[in-house]
Amino acid sequence: MRGSSFLEKASSELPGAIIGSNLEAIDPWIEVVAERIAEVSQWLKKTPESLFDSLECITAIDWFEPDAKKAAKVQWKPHIEMVYHLWSTVARASIVIKTNLPRWKGDVVGQLPEIPSVTGVWRTADWHEREVFDLSGIFFIGHPDLRRILCPEDWVGYPLRRDYEMPLEYHGIRAR
Amino acid sequence: MAQMVDDDPRIIEFDVRTDEMLVNMGPQHPSTHGVLRLVLRTDGEIVSQVESHIGYLHRCAEKIGENLTPRQWIPYTDRMDYLAAMNMNLGWSLTVEKLMRYQVSEKARHLRVLIAELGRLASHLVGMGAYGLDLGTFSPFLYAFREREKILDLFEETCGARLTYSYLTVGGATADLPPGWLEKCEAFLDQFTPLIAEYHSLLTTNAIFVKRTAAIGILSEALAIDYGCSGPVLRGSGVDQDLRRDGESIYTSMYDGYAFEVVVQKNGHYPRDHAYPPVPREAVVGDSWHRFYVRMLEVVQSVDLIRQAMDRYSACRGPLGEPLKINEKLPVGDAYLETECPRGQMGFYLVGDGTPIPWRARARSSSFSNLSVLHELCRGCLIADVPAIVGSLDIVMGEIDR
Amino acid sequence: MADFLIHTGGLPDWIAWAITASLAAFFILNVIAGGALAFIWAERKIAARIQDRLGPTRTGGKFGWLQSLADGIKLLTKEDLMPDGADGLLFRLAPYVSFCASFAAFIALPFAFDFVGQRLNVGVFFVIAVLGLEVFGVILAGYASASKWSLFGAMREAAQVVSYEVPLGMCVVVPVMLAGSMDLVTIGEKQAGWFFQWYLFHDPFTFITFWIYVTCAVASVNRAPFDLAEAESELVAGFHTEYSGLRWSFFFMAEYGSMFLVSALAAILFLGGWNGPVPVASLLGLSDGSGDTTGYFVRLAGCANLMTKATLGVLIMMWVRWTLPRLRIDQVMTTCLKYCTPIAAVMFVGAMLWTLALPGGFFRGLGRPAGEIREGWLLGPGGMSLQVQKNGEAPPSSSRFEQSESPVSQVGL
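Chains as they are written, first to last, in this note's numbering: chain A, 1 to 176; chain B, 1001 to 1402; chain C, 2001 to 2413.
No lab work stands behind these hints, which were simulated from the structure alone.
Fair warning: there could be bad hints in the mix.
[Unchecked claim] Pairs of lysine-lysine residues, derived as DSSO-like cross-links and limited to a Cα-Cα distance of at most 30 Å, are as follows: (1) A:K98 with A:K45; (2) B:K1150 with C:K2045; (3) C:K2148 with B:K1211; (4) A:K105 with A:K77; (5) A:K105 with A:K73; (6) C:K2338 with B:K1211; (7) B:K1329 with A:K73; (8) A:K77 with B:K1063; (9) A:K70 with B:K1063; (10) A:K45 with B:K1266; (11) B:K1211 with A:K77; (12) A:K46 with B:K1329; (13) B:K1325 with B:K1063; (14) A:K70 with B:K1150.
When you get a sec, could you build the whole thing from the sequences and use the hints?
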């Protein structure tokens, strides 16, 4: 069961959750509603045909151009794209889930955008989500232990945001 | 946290309890393989909880990747898994080629297999030696490094570097092999192959080694998959998965025509296990001993693959092909590719926006996922088992912290 | 010597004794400390050769034989650090306790017939007991360092050494029983003759006892694979994590001193002591007991014999260390309590019964006139007692004072 038939099944069993797809891309992907990511993940993991039992990677892509001149030319509106790469050790197939988030919750700068955590589906998501939280500033609802993982705990800012500016100094150490 | 520990039925309860103590293992500790910091909650010698703190080597390579072209980022991939830099180069190059839908020449393909397997050999040698070190025997470490030095000599001839090569690159490799290199490689393999038995007698079959590793840190198949473990850690748990066989076509096609068996225990047997020391009775699939054993058998597998690659490479006529221009424009779109690196499945994700510089470069580290399972493995073990388990995961902090 | 000073020199007793004691102490301290330095150098070279390296090659010209001295100078000039939270007095005291315990045990250790700092009729007991004191230094160091790693090391050491004292003691009792004396000089003397007179070859039980002793001795001096107290891959450096410079080197010296001591003890108890495999001296009609110059040289040769055996023991410990992985603490304890102790107990009983059935040992009568067999077993009314009858003519003693023990000493069992 590949491609379109799988997508149809998913759409019928999860009405309204899947809002887009591209099966012709280099890595075929489906787009889901951000609020329902955990539900879709659970379905993808449990569906006998796919059994996407392994979460490989969570990436947050910041679509934001800080340079006003360049920003005028781009096609997209500023947003954050979450990309989940799944792998099935049974079917030896992969799938990509994409979902869009606002850059800041309610467009208030400093309020982290929220998305349900998938730690309940794959336990490996624990560290991956902490990393995304740490570097890209996404808040995962329901994560058991959402702390910074790679940066120091008192670090300010989210380095992988496109508008991030390195602090001048950190505890007296010149940083820039 | 403490509540969670107390409620866990897997933890052995003792009638006599001493005060619990928090012990910092690392970041400056001889056996945490770099700058890993483990906070152990111990009751006497028994560890009830382990928490890993990482990030001491964080350089935010992904941010750097957003400011460099893919070929310029190759040296940064070297510094991720610095013990298997060739494999890192290969993973990133293939990802870029996947996005650009680029096919390297046949000669470059075989060269890549040759170099990548040699890199795996070098990496597993360190893994083996360092594991001996973790268990308190120093000599195998130096025996392993003696052989690794010879591989590094070979690598040095290809690209001039001994640790961070940047040799395999987008579109092939920076240079062809120098004349006479294959003969030297052949001589090395001939000299190296009989030594594997020596490593087995010093470690794999040593009674104390077996006592220290068998049935220690048992990682079940389900748990391994749930935590996204990969590479020898996953295969040591009995999951039959090797991306060289099961991966995406752009990667598996590299190994087209190569004969190799995935090193995993099937029906209680490893492939070709008759030629190697038998599995001791105490060992359980998924324990530290099996993870180590898988690595040792992969050494043999890599030697085989190197020999095959040398034959195929020398049969190829014509030029290797030039690597892509350093400022080649990337197409719009994204590509994710995982390759089978010595420590597991290293994934690279690349988002192109039509300029030579990627919009987003992402590295999914295999050791990162492998390490995240540590707190499960270490629950209820002894302090001495912690290095034994960490060592069997064979992590490299450069890759975890990126 | 003291006698000489008193009688010939006309010195007061106490001065004579003090001079004699200081001299003995001076010799022991320097010989053992020098030996420890040599062993440290040997360890480097042996480790290097085992690992396909060269080891030190430059310091002091050929073979880097001055390496230990250079290390010593380096350690002397290093900053002497003490953690803030450490218990200052105990922290400073600990290395000396270890050092003293390790070196004090040499007082009763004979290097040849009557080449002994202080001949004690409970020599074995003294050596084992004083060596056991070394653990105090380690525990103090671990406790006083205010470091959790040190504490772990100390607790491991305490558990391990206390446990291994039991089988070690049992193994030591076997030759004591065969010789019928706790005096190390007597024990060594009893094994004179060909190598099959050694207690190692006395009977199958003593043979096995020897290997148990080796295991326990390695464990009690904290050498790999039992070096848990300083397990560098687990506990950073164990009990001496916080030590640096000279204090650290005292621990190091103590370790090598103890290694040499247990090896020498093994040589005396099981390997014929200062008697060579072939009794060259007695074949030539010489005796180490004679007070003249020949006797002195025979004893010197015996001393060389013992040194060779002890050094071999130390080298074997090094070989083991650089080959084997380290055991885990529970496995160390299992080895001791489940294997070494019961086996040692059985061997003890076995050796006892063997001697009862076949007095004189497996090779009895070989190479030695039957009349010279000195032991005799008697079953006393109050249970089994070990009776030792000294040979009619006691060897002329050149020791500082006459043997105080009665010709018949009884060891109740």
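Hints versus structure:
With a C-alpha separation of about 16 Å, the suggested pair A:K98 and A:K45 falls inside the 30 Å cut-off, and the hint holds. For the proposed pair B:K1150 and C:K2045, the alpha carbon gap of about 24 Å is at most 30 Å, so the pair holds. Pair hint C:K2148 plus B:K1211 holds up; C-alpha atoms about 26 Å apart against a cutoff of 30 Å. In summary, the hint linking A:K105 to A:K77 is supported, as the alpha carbons are separated by about 15 Å, within the 30 Å threshold.
With a C-alpha separation of about 25 Å, the suggested pair A:K105 and A:K73 falls inside the 30 Å cut-off, and the hint holds. For the hint pairing C:K2338 with B:K1211, the CA-to-CA distance comes to about 16 Å; that is within 30 Å, so the pair holds. With a C-alpha separation of about 18 Å, the suggested pair B:K1329 and A:K73 falls inside the 30 Å cut-off, and the hint holds. Distance check on the hinted pair: A:K77 and B:K1063 sit about 21 Å apart at the alpha-carbon level, within 30 Å; holds.
At most 30 Å may separate the alpha-carbon atoms for a hinted pair to count; A:K70 and B:K1063 meet this at roughly 19 Å. Simply put, A:K45 and B:K1266 have alpha-carbon atoms about 25 Å apart, close enough for the 30 Å limit, and the pair holds. The hinted pair formed by B:K1211 and A:K77 fails the criterion: a straight-line CA distance of about 60 Å is larger than 30 Å. Restraint check for A:K46 and B:K1329: not satisfied, since their Cα atoms lie roughly 40 Å apart, outside the 30 Å limit.
Pair hint B:K1325 plus B:K1063 holds up; C-alpha atoms about 22 Å apart against a cutoff of 30 Å. Our distance criterion of 30 Å between C-alpha atoms is broken by A:K70 and B:K1150, whose separation comes to about 51 Å.
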